[in-house]
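Residue numbers (my numbering), protein chains in the order written: chain A, 1 to 212; chain B, 1001 to 1608.
Calculated from the structure, these hints are not laboratory results.
Note that the coordinates shown come from a computational prediction; the quantities given were computed from them, not determined experimentally.
Be aware that a few hints might be false.
[Claimed, not checked] Distance condition first, Cα-Cα at most 30 Å in a straight line; then the derived DSS-like pairs of lysine-lysine:
| hint | chain 1 | residue 1 | chain 2 | residue 2 |
| --- | --- | --- | --- | --- |
| 1 | A | K64 | A | K123 |
| 2 | B | K1070 | B | K1089 |
| 3 | A | K99 | A | K123 |
| 4 | B | K1050 | B | K1070 |
| 5 | B | K1368 | A | K123 |
| 6 | B | K1090 | B | K1493 |
| 7 | B | K1368 | B | K1525 |
| 8 | B | K1252 | B | K1199 |
| 9 | A | K99 | B | K1559 |
| 10 | B | K1450 | B | K1199 |
| 11 | A | K125 | B | K1199 |
| 12 | A | K64 | B | K1559 |
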Amino acid sequence: MLHPGKMLIKALASSAASPPAMPASFSGCEPPGPGPHASYIPNVMVHTHLGRTARFYQDLIREKIVLIHCMSIRDESSCSNLETVSRLQSLIGDDLGRKVFIYSITTDPEHDDAAALRRFAEKYKARDGWLFLTGEPADLMLLRARLFTHDGGQDCSMHLIRYGNESVGVWGGVSVTTGAESIAQRVSWITPGEVPSGPPTRGGPWPLSAEG
Amino acid sequence: MMRRRDFVKLGLAAGASSLLPPALQAQQDDSRLQFLCLPDGLPPDPPSPKATPFLAELYIPPVKQPISGKLDPAPDPKAHQRYDEFLPKKFYEIKEQEFRWQYHPEPPYDQGSWSWGFDGATPGPTYHARYGEPILVRRVNALPPLGNSNVTFAMPRTTSHLHNAHTASESDGYPMDHISPGKFWDHHYCCFPLGCDDKEKLSTLWYHDHMMDFTAANVYAGLAGFFLFFDEQDSGNENDRNPNAFRLPSGKYDVPLLLHDVRFDQNGQVVFNRLNTDGLLGDKYTVNRRIQPRFTVERRKYRFRILNGGPSRFYQVFLASGPDRETLHTFTILTGDGNFMNQPVYAQSIYLSVAQRVDVIIDFSQFKVGDRLYLQNRLEQLNGRGPTGRVLVEPGDDIMRFDVVEAAGPDNSRIPNKLREIPSVNLDEVKQRRVWQFDYRGGIWTVNGKPVDLSKPSAEIEEGSAEIWTIRNEGKNWSHPIHSHFTEFLLLKVNGRPFAATDIQTRSPDFSLRRYEFADARQRKVLPVFFGGARRDITTLLPNDEIEIFMRWKDFYGKYVMHCHNVVHEDHSMMIRWDIVPPKGGQPHVRCLPFGPAKKPAKAQPKE
């Protein structure tokens, strides 16, 4: 077991980053059903662009394959990323809304209410399975802290997409700037496929090209 | 019950529970975890179940043996650069599998923790390879497919990197060269040094998984092992009659030690927070995947290859004795990051950021039978971003214990006065200078302000050329061990201070405003800490560090990566792709042929 020795305190030694200031209030928290990250991903109430309310973990994450990222209507840098997510829908195909879900969570809940997000979603031709989410500022800050930034504050403006299969418990992260095909590839990684049988077959490397 | 914010109020270090006093850890109420909207912020990491130190025996991985027959199907020569010039002399087959692994004999660990590894063990077997003897390794992914495994935080797609061998791109474990369960990948290791220059040879390497987005999880799950290079000098035989041989301790007296800090749940299963972007700290020290083991040593010299396997913790290791660990003993250091230095270096402690390794000699004949020595860590680290900079005084943290017994026979091993020459810098070879800035922006780790994009190279490097790279840490709250594949580097400057070939990076024993000091290895003084010599493959960037390095690229083409080896940072975007390309204009670089072209057998002469 690790234990603290007597620390030789250096006056000018750098210290660890201070934890972010935590919000003062939270909306109705209730324990969700079991799941690998049920005790880590908050079960806060969120509001979708379709005007419905959902419990984040229980209704939107548990037992699903999901992709989650941050956006805001006023943030122009979100635009090209949302176009990428819009193209991603066709690559996911019929699984979107059945097995795979995309959540775009606003960082600006004061301005991005359900009605504004609905108009925004229509602009990017969001299909069933792609939800824009808003809610209480404190709740969304907690979501960002848990999903994106850990101890790094609340800034998720570099557009990391959290992707995960919560039935299995496997999660990863990829920058949305890598493009729709690259993100769709991640979805295939976390989607269970065929169980192999027979002796192993070659996975690589493959014959080199003339330049190789 | 003490809560996280109460620690902050008391001015104690906030962060991971790894520095919570044992008494308070015992009082933690796990029923808090059912309340999901904790007003304190991040939920506390529950401590791992208790494990009595020095009860587990050190596990020593076996030496990997080649197959006796042929691989079926045969390797495809067309898939490997220069295959016909470096025909494999030995073939290996290795399997990635899931199994239960006993980290410790006490409950709950005694039932075994679900792990991944090679040939049923973690660490995997140790390869012994020789320069001049090319090999081919067929790596089979026999892991359970996604959704069928007991290890759920890792990704059963794999790609294995031999850190830091001189390897063609298609055998190097490129992150996107991954295979699914039921597939195999052939790795062709040509086993020759860069440019056929003996000074470019390496000794202690390791192989580990490098799956895109999942390097941290897959290595943490167990996919790693050692790979050792030998040659005429470092021959692996302490009784070698060759006058050129070093005769370092060999056989069972040459022991690899892979350090990982791991966290377990109440059932003794390994836990890994997949949503952490900073870096993860385990609260149990493991050596070769046993918790705080003991190892019986004879009163003679041993060679230990100490490797920090991560995922994120930095170490400053000491060798201590006494009930309060008050007596410190000197390490004799032979290599840094697998590179022999010109001569042995002596130090009281060794700084190991993630993936750094050293070969040290410890001579236990200076102790008595029954003495106990402790390998310790004394570098304070409270979160995954990097160490605080503070070094603990006694008693420190015990990693493992050495128990001294009488020698079984004579000790014929030696410590040479002179080891190896390192390559020299030649600025006439430099074709490009580049700057790489490592930073944290908007929730991800960036290189030159951008997230990783392996679809195109960030640098195209001409084969046969050299470059000078400036590696800079833009942050003051985090540290990064930066690693580039394929080739080692020579330090030119550390924070503006030129680095000579004989310099050793260290620190003043008295506190000074300068972070580093530099000693001349030829003076053979005992240094307070060893950060490294001139040649390495990990650049440790502490806050705001800037380091200038010289590198050469020869012998192969293709794509490779440079990344932070706090592999949680790598997985959250701190990586770039660079390619080796044919020289632009002019003649292609003439490549060396260490073995000469294959000769046809002579025709039989008719009998007279």
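Hints and how they fare:
Among the hinted pairs, K64 (chain A) with K123 (chain A) is consistent with the structure: their alpha-carbon atoms are about 26 Å apart, no more than 30 Å. Of the pairs offered as hints, the one joining K1070 (chain B) and K1089 (chain B) holds, with about 11 Å between alpha carbons and a cut-off of 30 Å not exceeded. With a CA separation close to 24 Å, the supplied pair K99 (chain A) and K123 (chain A) stays within the 30 Å bound. For a cut-off of 30 Å, the pair hint linking K1050 (chain B) to K1070 (chain B) is broken: about 47 Å separates their Cα positions.
Note on K1368 (chain B) and K123 (chain A): the hinted pairing is violated, with a Cα-Cα distance of about 79 Å set against a maximum of 30 Å. Our distance criterion of 30 Å between C-alpha atoms is broken by K1090 (chain B) and K1493 (chain B), whose separation comes to about 41 Å. In summary, the hint linking K1368 (chain B) to K1525 (chain B) is supported, as the alpha carbons are separated by about 26 Å, within the 30 Å threshold. With a C-alpha separation of about 27 Å, the suggested pair K1252 (chain B) and K1199 (chain B) falls inside the 30 Å cut-off, and the hint holds.
Proximity of K99 (chain A) to K1559 (chain B) is assessed by CA-CA distance (about 35 Å); at most 30 Å being required, the pair is judged violated. Annotation: proposed proximity of K1450 (chain B) to K1199 (chain B) is violated, straight-line Cα distance about 36 Å (limit 30 Å). Restraint check for K125 (chain A) and K1199 (chain B): the C-alpha separation of about 61 Å exceeds 30 Å, so the hint is violated. A hinted pair counts as satisfied when its Cα atoms are at most 30 Å apart, and K64 (chain A) with K1559 (chain B) does not qualify at roughly 35 Å.
When the structure is compared with the earlier hints, violations turn up for hints 4, 5, 6, 9, 10, 11 and 12 and for no others.
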